[in-house]
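Protein chains: 4
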Amino acid sequence: MADRKIKIAVIGASGYTGADLIRLAAAHPRMEIAILTANTHAGKKAHEVFPHFSALELPPLIKTDDADWRGIDAVFCGLPHATSQEVIKSLPDHLKIIDMSADFRLRNPAVYEKWYGTPHKALDLQKVAVYGLTEHYRDAIRKARLVACPGCYPTAALLMLLPLVKDGLIDASDVLIDAKSGVSGAGRSLKQNLLFTEAGEGLSPYGIASHRHAPEMEQEISKAAGREVIINFTPHLIPMSRGELCTSYVRLASGATVDDLARSLESAYRGEPFVHLAPEGITPATQFVRGSNHVMLAVYADRIPGRAILVSTLDNLVKGSAGQAIQNFNLIFGLPETSGLEQVALFP
Amino acid sequence: MADRKIKIAVIGASGYTGADLIRLAAAHPRMEIAILTANTHAGKKAHEVFPHFSALELPPLIKTDDADWRGIDAVFCGLPHATSQEVIKSLPDHLKIIDMSADFRLRNPAVYEKWYGTPHKALDLQKVAVYGLTEHYRDAIRKARLVACPGCYPTAALLMLLPLVKDGLIDASDVLIDAKSGVSGAGRSLKQNLLFTEAGEGLSPYGIASHRHAPEMEQEISKAAGREVIINFTPHLIPMSRGELCTSYVRLASGATVDDLARSLESAYRGEPFVHLAPEGITPATQFVRGSNHVMLAVYADRIPGRAILVSTLDNLVKGSAGQAIQNFNLIFGLPETSGLEQVALFP
Amino acid sequence: MADRKIKIAVIGASGYTGADLIRLAAAHPRMEIAILTANTHAGKKAHEVFPHFSALELPPLIKTDDADWRGIDAVFCGLPHATSQEVIKSLPDHLKIIDMSADFRLRNPAVYEKWYGTPHKALDLQKVAVYGLTEHYRDAIRKARLVACPGCYPTAALLMLLPLVKDGLIDASDVLIDAKSGVSGAGRSLKQNLLFTEAGEGLSPYGIASHRHAPEMEQEISKAAGREVIINFTPHLIPMSRGELCTSYVRLASGATVDDLARSLESAYRGEPFVHLAPEGITPATQFVRGSNHVMLAVYADRIPGRAILVSTLDNLVKGSAGQAIQNFNLIFGLPETSGLEQVALFP
Amino acid sequence: MADRKIKIAVIGASGYTGADLIRLAAAHPRMEIAILTANTHAGKKAHEVFPHFSALELPPLIKTDDADWRGIDAVFCGLPHATSQEVIKSLPDHLKIIDMSADFRLRNPAVYEKWYGTPHKALDLQKVAVYGLTEHYRDAIRKARLVACPGCYPTAALLMLLPLVKDGLIDASDVLIDAKSGVSGAGRSLKQNLLFTEAGEGLSPYGIASHRHAPEMEQEISKAAGREVIINFTPHLIPMSRGELCTSYVRLASGATVDDLARSLESAYRGEPFVHLAPEGITPATQFVRGSNHVMLAVYADRIPGRAILVSTLDNLVKGSAGQAIQNFNLIFGLPETSGLEQVALFP
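Protein chains in written order, with the numbering used here: chain A, 1 to 348; chain B, 1 to 348; chain C, 1 to 348; chain D, 1 to 348.
Just so you know, these hints were derived from the structure itself, not from any lab. Some clues are possibly wrong.
Copies of the same chain look alike in the list, so a pair counts if it works inside one copy or between any two.
Derived EDC-like pairs: lysine to aspartate or glutamate, alpha-carbon spacing no greater than 16 Å straight-line [what the hints assert, rightly or not]:
id : residue 1 : residue 2
1  : 166       : 266
2  : 44        : 66
3  : 223       : 260
4  : 63        : 86
5  : 44        : 280
6  : 45        : 280
7  : 96        : 57
8  : 143       : 93
9  : 223       : 171
10 : 44        : 259
11 : 7         : 139
12 : 5         : 32
For reference, chain A alone in the conformation it holds in the complex:
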């Protein structure tokens, strides 16, 4: 039993999060990739969709409806939001489900409906889904059947903000998150603004005051603060493929100092394998975590008295998606939390 492989399926294997899940799963000591589904590419080999898998032995892509779930232990779901819920609702009960979409992240169905423009179609499952921010929901994740992995931006922002809000060190109602992401955060869809010629050699904000990761952050920050808060979240599209960095601007609670913030984070993440304060003299950069499951945090005093500048960075496809999914998988199956996630960042 000790060595038995845990059989997994990836639903939505033709997107970037699905692909990064496969990349990591292929090197995981205990995973066996048994099923890959991708409805629009059914019948193709995996390397026809992602040639970087040419050297791997992988099952062919099939339709989700054609999957035989017997003998499968866990499912990773990398579908676009709003399509995951119905698929997941239809899966047999014996499957553990790690969802990388947005469908089960919001606890309040009214908030979901407001931001996604449609009523939720799997409310029973939504109630039992556990928010998969590993470092903050570890115990619940261990016992969960369905884990809703956080968005890439919420992971980067919340790992920084939650300890500080919980410890009462910052004003939760004056949080401004200026976020920057590589283009892979937008997925593999054919949109003009994602062309090399359009996204290259330039940058712009997008989704200003309307990005769907905002309510997810507000849910968690509000919960930590014990009251409803609204935050500013302003993402920017950066000419790089991978990586995400949040620069958050906050007001210190009365009497709190930047050193208090650093101590709070050190205390929250002491012993964590993947979340680290930047060493003395190192400014976080996406380059330092690219391709890895690591998160790098740093806090700075603002020149404006009573304010601080918080920087957090991760790889949006790894800790921001597929890596955190595997971290949660490891928890559920009682494996070392770092299994399959030991990869050092790829630099340069």
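With chain A held as given, fit chains B, C and D onto it using these hints.
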């Protein structure tokens, strides 16, 4: 006389701002490039330092001390800060001087000394230098002998903020400027973090709470506000060569709305050839101004009540440096302000 | 009359070649942009399709069928190949036509049909079209009604090869052209391989032994050689937006030397405003011609005796398309050939 | 013993090849990184030089002269060429040495001196060094004390060419290798042409007819051909950090076909874990091997009769350097050849 060419010199012609000055000057209908200096490259042809000038007829690079200033009308100075002041002090009185360095931007010598770590060495000139933010100092620039062109970041931030502060629409003491710049903003110096392999495919903040463009912005915002303010200015290095975008987070004055901000900007820049509010439906992007002297502005309501998000973008080497320098030159010499600056942005 | 503006139309104004035509035309001293057509975007303002035109006064986009050609002098056509011929056939006789598509480049209808998979639908026009490689067909272009501007790759390759073949210095049947292009060469179409995430940080060949620019080069080289030749043309997609560089590998004719090649090129292009041998010590790079109409050439001896290495570079959207189109326009209308094309390369 | 860690040292740990060696070694199941040397950074922690190592436990950087070699099993040497030979000469006999520099690749001291401009200083070692092109020198590597890992370009080119030359399918005296490399191939040195602003958004050839990887390729191709040959090798600098692709143009031997080439490669690399023919329909791209030890090969018929186009791609820092070094280490120590090298390519 109408057609007489105005003879110019470029001091510091081997840096990127000097090069962009040459690029624009070469196409200017009334300029003649008579002298190029670059002490470390003296004796070389211009195209040996910048091969993209191969097809131009340009004077060779000489040492500044070897220049013969007789017959020269104007000097553009693209030297690094702290070295400009002594060179400029030594220039003959008949020369009009447009300085692109930081040396004459700060009015208060104590502030200069604090941020640059050395006393100013040309205090007499500093007193008469005019701050070259064209749209806000036009009348003074026309009569100036020495114009201190603003830094690239201050130009992007102040064109947005000054009208709003002057009109009392935002709280000048709660201004947070999250800035993003291409790598050319750091000049052509050989630093490890500027290598393609280090700066590519990634991003990071730098100069947190310590960048020298902060006091320059504070000087102008304080003047507009009628009181001393401290701002937050946090720049980030982005994997692109040119372009700069400031996302500023501000608190509205009591009773003010985002529509008021838009009206204030429209009023301030009506008829301006280079500063524009983004058309309906267009989000500013550095791609839309690359290589041009244009600035694109946009204002957005924050989801946090009473707050707004301000976006401004320009090309750091053009409106952020050489282009604005030529705009000021045109003012000084009574030429149409757009002379030599009609280039449309290069996209893609 | 001397100052009368020449009224132009751009058909296919929503593609990159159309856009670069507009960029250059807007700064041309004698052009007036009177009509812009783009069938799928009809009704939009130009800046809704290309926001970098926000600061320009441009006519709205209309359907080609809705254009009123009275008073128009010249038409630039930037449609995809195979769609240009029928549109151009329908244009009134008084219009001069400068076509940037591939439709009228091949003289032999059978070759056209073989490579484009469909019979040509405007054979009468094809017969009178002049190949718009300006430096080699100048006299014919001056008198032409319809100019077929060469492809970007053929322009880069032929400017290098034609003088050498004509002078009998290289073996025309042993020409290998390894070409590298930025992504804008593929246009603005929504293809997965053109996404930033797919084309970034990597490179690959494409169209191996099947690219449609090959027969165009073979037509011209064969004509220069006085016999039918087949060439190797192997393009590669490079992670940059603009620019093209051909490295050609050739066998010297018996007794010929690399110095002979250099002299042949010097002789062919002496006095040309846009085609230059790289100065001593400078290796051609796309960066040195970006955004300009210039071409840089260099020849090198191979270590294999009797062989040479030829390097030519240009901006695929300028000299490779819209710039050369304007150069031909200038010829047709008796203007200085450099009108509107004086822009220096944008570097960095 | 089965589980005993093999203690390694990395000499020259502050360069990119050293860093990638550390990245891979840190995840190797049997390696223990015991010593890191970097003379100019001695005294620093590894993460001060490479912040992406922040989460690893690594020994501090020391001077090579200060290393205590007792208990160390193997040394990886990542020094620049010409400096490796004297350092390696001084190492104690019990150490296995895997050199990633160029110092021991050339068998003929006269050729070394001609291309490197200085006599070799460790001729005794040079004689016994084994060329570390794993797939072609496996048996010798197993028994070697000193392995001279090939250059990145030679690895990419020779894996393609050697089987074809050995099988007599191509003319070894008419081989043209147009190579394209990311900027990391030039190392971490501070050179102007390696700045983001200079190398970005553009490309150029370099080292034309003078690159030091040419004699290395000629040595191996000549050996395979049984006669001295000269090749054309023309590298280009591409705006990406990692990756290398060689497009080789060859003349088929009389009677040989492209299918013969494919069969030759299939036969040569059947069962190889890292060298693969591209699957049907896939064109090799550097993106598909980035960060991995894999090589992708493909052959195409030229339109010129009797000629073929060969494409090979790899990651210059992995199979082109540190990965192949570890592959050789695995051979020497009797480990599975894929140990520590199972990483799938990082895409996007």
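Here is how each hint holds up against the structure:
Proximity of residue 166 to residue 266 under the C-alpha cut-off of 16 Å is restricted to the intra-copy arrangement: shortest distance 14 Å within a copy versus 43 Å between copies. Taking identical chains as interchangeable, the C-alpha atoms of residue 44 and residue 66 lie at most 16 Å apart only when both belong to the same chain, with a minimum of 14 Å there against 45 Å between chains. In this assembly of identical chains, the alpha carbons of residue 223 and residue 260 never lie at most 16 Å apart, being 21 Å within a copy and 35 Å across copies at closest. When the C-alpha separation of residue 63 and residue 86 is checked against a cutoff of 16 Å, the pair qualifies only within one copy, where the shortest distance is 15 Å, while the shortest distance between copies is 43 Å.
In the homo-oligomer, the alpha carbons of residue 44 and residue 280 lie at most 16 Å apart only across protomers (12 Å), although the nearest pairing inside one protomer, at 49 Å, exceeds that limit. Taking the shortest alpha-carbon separations for residue 45 and residue 280, only the inter-copy value of 11 Å comes in at or below 16 Å, while the best intra-copy value is 47 Å. In this assembly of identical chains, the alpha carbons of residue 96 and residue 57 never lie at most 16 Å apart, being 24 Å within a copy and 34 Å across copies at closest. For the identical chains of this complex, residue 143 and residue 93 are intra-copy neighbours only, at 14 Å inside a copy versus 56 Å across copies, given an alpha-carbon limit of 16 Å.
In the homo-oligomer, the alpha carbons of residue 223 and residue 171 lie at most 16 Å apart inside one protomer (14 Å), although the nearest pairing across protomers, at 30 Å, exceeds that limit. Taking the shortest Cα distances, residue 44 and residue 259 never come within 16 Å of each other, neither inside one copy (55 Å) nor across copies (25 Å). For the homomeric pair residue 7 and residue 139, neither the shortest alpha-carbon distance inside one copy (23 Å) nor that between copies (38 Å) is at most 16 Å. Taking the closest pair of Cα atoms, residue 5 and residue 32 come within 16 Å of each other only inside a single copy of the chain (6 Å); across copies the shortest separation is 27 Å, beyond that limit.
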